[in-house]
Amino acid sequence: MTVKTANGFSLDDSGRRVVVDPVTRIEGHMRCEVNLDDDNVIRNAVSTGTMWRGLEVILRGRDPRDAWAFTERICGVCTGTHALTSVRAVEDALGIAIPENANSIRNIMQLTLQVHDHLVHFYHLHALDWVDVVSALDADPRETSRLAQSISAWPLSSPGYFRDVQNRVKRFVESGQLGPFMNGYWGNPAYKLPPEANLLALTHYLEALDFQKEIVKIHTVYGGKNPHPNWLVGGVPCAINVDGTGAVGAVNMERLNLISSIIDRTIEFIDQVYVPDLIAIAGFYKDWTYGGGLSSQAVLSYGDIPEHANDDSAENQLLPRGAIINGRLDEIHDVDLRDPDEIQEFVDHAWFSYPDESRGLHPWDGITEPDFTLGPNTKGTRTRIEQIDERAKYSWIKAPRWRGHAMEVGPLARWTIGYAQGIAEFKEPIDKVLTDLGLPFEALFSTLGRTAARGLEASWAAHKLRHFQDKLMAAIAAGDTTTANVERWEPSTWPKRAKGVGTSEAPRGALGHWVVIGSGKIENYQAVVPTTWNGSPRDPAGNIGAFEAALLNTPVARADEPLEILRTLHSFDPCLACSTHVMGPGGEELTRVKVR
Amino acid sequence: MASTETFYEVMRRQGISRRSFLKYCSLTAAALGLAPSYAGRIAEAMETKPRTPVLWLHGLECTCCTESFIRSAHPLAQDVVLSMISLDYDDTLMAAAGHQAEAILEEIRERYRGNYILAVEGNPPLAQDGMSCIIAGRPFLEQLQEVAADCKAVIAWGSCASWGCVQAARPNPTRATPVHEVIRDKPVIKVPGCPPIAEVMTGVITYMLTFDRLPPLDRQGRPLMFYGQRIHDKCYRRPHFDAGQFVESWDDEGARKGYCLYKMGCKGPTTYNACSTVRWNDGVSFPIQSGHGCIGCSERDFWDKDSFYDHVTDTHVFGIEANADRVGIAAAGSVGAAIGAHAVASALHRTKQRDRAQHEEREE
Numbered sequence: 001m002t003v004k005t006a007n008g009f010s011l012d013d014s015g016r017r018v019v020v021d022p023v024t025r026i027e028g029h030m031r032c033e034v035n036l037d038d039d040n041v042i043r044n045a046v047s048t049g050t051m052w053r054g055l056e057v058i059l060r061g062r063d064p065r066d067a068w069a070f071t072e073r074i075c076g077v078c079t080g081t082h083a084l085t086s087v088r089a090v091e092d093a094l095g096i097a098i099p100e101n102a103n104s105i106r107n108i109m110q111l112t113l114q115v116h117d118h119l120v121h122f123y124h125l126h127a128l129d130w131v132d133v134v135s136a137l138d139a140d141p142r143e144t145s146r147l148a149q150s151i152s153a154w155p156l157s158s159p160g161y162f163r164d165v166q167n168r169v170k171r172f173v174e175s176g177q178l179g180p181f182m183n184g185y186w187g188n189p190a191y192k193l194p195p196e197a198n199l200l201a202l203t204h205y206l207e208a209l210d211f212q213k214e215i216v217k218i219h220t221v222y223g224g225k226n227p228h229p230n231w232l233v234g235g236v237p238c239a240i241n242v243d244g245t246g247a248v249g250a251v252n253m254e255r256l257n258l259i260s261s262i263i264d265r266t267i268e269f270i271d272q273v274y275v276p277d278l279i280a281i282a283g284f285y286k287d288w289t290y291g292g293g294l295s296s297q298a299v300l301s302y303g304d305i306p307e308h309a310n311d312d313s314a315e316n317q318l319l320p321r322g323a324i325i326n327g328r329l330d331e332i333h334d335v336d337l338r339d340p341d342e343i344q345e346f347v348d349h350a351w352f353s354y355p356d357e358s359r360g361l362h363p364w365d366g367i368t369e370p371d372f373t374l375g376p377n378t379k380g381t382r383t384r385i386e387q388i389d390e391r392a393k394y395s396w397i398k399a400p401r402w403r404g405h406a407m408e409v410g411p412l413a414r415w416t417i418g419y420a421q422g423i424a425e426f427k428e429p430i431d432k433v434l435t436d437l438g439l440p441f442e443a444l445f446s447t448l449g450r451t452a453a454r455g456l457e458a459s460w461a462a463h464k465l466r467h468f469q470d471k472l473m474a475a476i477a478a479g480d481t482t483t484a485n486v487e488r489w490e491p492s493t494w495p496k497r498a499k500g501v502g503t504s505e506a507p508r509g510a511l512g513h514w515v516v517i518g519s520g521k522i523e524n525y526q527a528v529v530p531t532t533w534n535g536s537p538r539d540p541a542g543n544i545g546a547f548e549a550a551l552l553n554t555p556v557a558r559a560d561e562p563l564e565i566l567r568t569l570h571s572f573d574p575c576l577a578c579s580t581h582v583m584g585p586g587g588e589e590l591t592r593v594k595v596r
Numbered sequence: 001m002a003s004t005e006t007f008y009e010v011m012r013r014q015g016i017s018r019r020s021f022l023k024y025c026s027l028t029a030a031a032l033g034l035a036p037s038y039a040g041r042i043a044e045a046m047e048t049k050p051r052t053p054v055l056w057l058h059g060l061e062c063t064c065c066t067e068s069f070i071r072s073a074h075p076l077a078q079d080v081v082l083s084m085i086s087l088d089y090d091d092t093l094m095a096a097a098g099h100q101a102e103a104i105l106e107e108i109r110e111r112y113r114g115n116y117i118l119a120v121e122g123n124p125p126l127a128q129d130g131m132s133c134i135i136a137g138r139p140f141l142e143q144l145q146e147v148a149a150d151c152k153a154v155i156a157w158g159s160c161a162s163w164g165c166v167q168a169a170r171p172n173p174t175r176a177t178p179v180h181e182v183i184r185d186k187p188v189i190k191v192p193g194c195p196p197i198a199e200v201m202t203g204v205i206t207y208m209l210t211f212d213r214l215p216p217l218d219r220q221g222r223p224l225m226f227y228g229q230r231i232h233d234k235c236y237r238r239p240h241f242d243a244g245q246f247v248e249s250w251d252d253e254g255a256r257k258g259y260c261l262y263k264m265g266c267k268g269p270t271t272y273n274a275c276s277t278v279r280w281n282d283g284v285s286f287p288i289q290s291g292h293g294c295i296g297c298s299e300r301d302f303w304d305k306d307s308f309y310d311h312v313t314d315t316h317v318f319g320i321e322a323n324a325d326r327v328g329i330a331a332a333g334s335v336g337a338a339i340g341a342h343a344v345a346s347a348l349h350r351t352k353q354r355d356r357a358q359h360e361e362r363e364e
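Just so you know, the sequences run in chain order A and B. Oh and the first sequence: position 312 is 312 in UniProt numbering, straight run, nothing missing. Oh and the second sequence: position 218 is 218 in UniProt numbering, straight run, nothing missing.
It is worth saying that the hints were derived from the structure and are not from the lab. Built from N, CA and C at the ideal position, the CB exists for glycine as well. Keep in mind that a hint or two might mislead.
[What the hints assert, rightly or not] What follows is a list of derived Cβ distance ranges for each label pair:
{"no.": "1", "chain 1": "B", "residue 1": "234", "chain 2": "A", "residue 2": "560", "range": "18 to 28 angstroms"}
{"no.": "2", "chain 1": "B", "residue 1": "211", "chain 2": "A", "residue 2": "386", "range": "41 to 51 angstroms"}
{"no.": "3", "chain 1": "A", "residue 1": "257", "chain 2": "B", "residue 2": "110", "range": "48 to 58 angstroms"}
{"no.": "4", "chain 1": "A", "residue 1": "463", "chain 2": "B", "residue 2": "184", "range": "33 to 43 angstroms"}
{"no.": "5", "chain 1": "A", "residue 1": "477", "chain 2": "B", "residue 2": "212", "range": "29 to 39 angstroms"}
Using the sequences provided together with the hints, build the complete structure.
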């Protein structure tokens, strides 16, 4: 039976049901079910978040200055972005202004994450959806070398270099122990790259694995470690001392030079390896135009990377802010995170309960009562689910909506809004890629478009790293080495009760933290994160979320191999630990399982 | 079956001569506190060992442990994965999904019964019938216990698997439970930290592969070689502690001079980890060097020991060394007394650990 959703998609659950659980190469745990019609085309899609931790209730009664450390542990992949959002929320509540240098260093931390996360996502979480590892063994390394040199000036491109990598992988495969490549979908007809391109991508998979650990050293200098660097309410914890006694115990000239050198190498790697590979691979998949989903209809971005400290205006954000609905790119709506009518979360299809589930709640008023129940059409049992019943509650993810609309967030959302606003640094790279590939503008709204926007953003972020590092150096040269404002460090200086919002653009999209502080402690804490938006289940009005929308109408080459499903889900870079950490207010007595 | 690369071949491929390789083995022996005669055994093991399967399961976690693991500089993560172990299951990196992924667990359990390592990142929740962490439609706890049944040993990566970590902080709403409390019949090696240092993770794995035995553990199950000392014991800012020179406020003169962060809440005096020696991300820095105190992320229940900025830490798990603040007060008054107190505490700790290690050896 075909049903039309409120946001304009057709669902038909009559065909063969295919279950993918676990969805791998993501952060956290997720399940996906689809129905295929007789031609193996996806006609219904069901996305289920399958984990849940409860960090928000754990935060109650804690010192708000500690919240960054707790929320940072929401996710170790997008490490730091929750911490940044948290200190922003607390500073907003307590009226704390941060020094200009702290803003520059925070931006450098956030941009470092953007670059690192996008790079690791492309090569290590996403590439195997496009790249056939086994086919790479058939490549002629001379052809790979020719291809590499035709698309990039990257020096590691000789036939001998590619032959060495190929031999190494050959021996690995011949050992019979395939490690992470075991049971992959090698030889699936949905793989379109010729062997020499597969070898190029596989080689860069390994190179990127080595290089990614260099990028994060920027976090290590300013935050002491990665993953999970340290942050500070009121500024940043690293003091600057470039002149005097004890400079070696602080951020000094050697440290600044180290950062600068990493930034240079990062720009090189992104612009000479990541982006050329992305364009080359896309060129072989031009006909695979699926996966657009909500992206051409409804996208949302809060904006981030403030040029100056303590200015929350949209004009001050280098990543754009705004909302597009009903596919109207000519009309960018303002977004107000404090307005109770704008952002609301619904739970009628999520494993939580509200007194009235026909209504949504703004995060400041959010309720999160767990309610793990399965619908009557579930196949299997409560602890052995064979098929989920999406007409009932079916996910640990709530359904956030902006003015009632399901929204897509992430790099493609940001770049679409930037493009629609006519901002050159977003518009020009998109136009260039489309022209180079000979594709129309609409091609942007696809799985591949999402993946391409992420690559362009990695390059954008790498160059912005240089901008903020230079800005920091200029400030130091002018004698400003301040990194923290401690006027309101002591709780005795705080108002008796205060509310705050912090936002950022995490690698995966719009992230918001809402905090209520009372008598020096956290009274309430809510986070609405990118994968809550993208991975959301259905809502009372019948809107489907971005994952589900993007999967629809995609043909699957082999029904028992979920290659195309993974391809489109991965294009969002799902982060399930982020999306599903919410929890009930009281630490309720819950049923327990026996441990043998 | 064609032979796979051994450690030795990997090193040769990286341009390391046999002479350097043997020197590396001697240094490894020395670093691990072994007699020089062990160098030969290390060399032999590295030249001949095939790859041990590792099944890396994920429960309730944030994936920071996997992210840390791939930061390893020596050995490189790619060499660990391609040449040292056979990482046959790790849902963050593996190509397969769904039933093709779960089939791998079955196959490795059958083919390598008793000979694979189970690595666990995160922990199982026991509330909600275990269904707040679902894998393949079932509670993660079931998958964990099944895979554990036939493994050789369990590595509990990070503070989640070792202690419970953030989701187990009060009031632990999902009843997230550390691995050793649900797997009781296998050796569990705890490698705590949020996350653990990359080279500590690869160091523990390569130790097990090289010597074909578990590393010596302390009473709480942590490898002595990396968790035998407190961060404070080897902190480069320690002379400032001893001299009574402290950071009093963020970004003050003391902060810029690299003074001791004890008064800003640093938990280095009560935290057992290798941060001040191995340091982070190829030795670039560690939290204290970058100006923030240690938050004690490798210690049990570190989330529930008051604010990270509260320097009055009174913990009861360390016996005589319990009250680090007493040491701090002593330092402010009398430098000599502080050093004395620490020396006594450290000596006692060493003796206890030695006794424990000997005791454990006798049991084997």
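Consistency of the hints with the structure:
1. B:234 x A:560: 18 to 28 angstroms: violated, 55 angstroms
2. B:211 x A:386: 41 to 51 angstroms: With Cβ atoms ~45 angstroms apart, the hint holds.
3. A:257 x B:110: 48 to 58 angstroms: holds, 54 angstroms
4. A:463 x B:184: 33 to 43 angstroms: violated, 54 angstroms
5. A:477 x B:212: 29 to 39 angstroms: violated, 57 angstroms
In summary, the numbered hints that this structure violates are 1, 4, 5.
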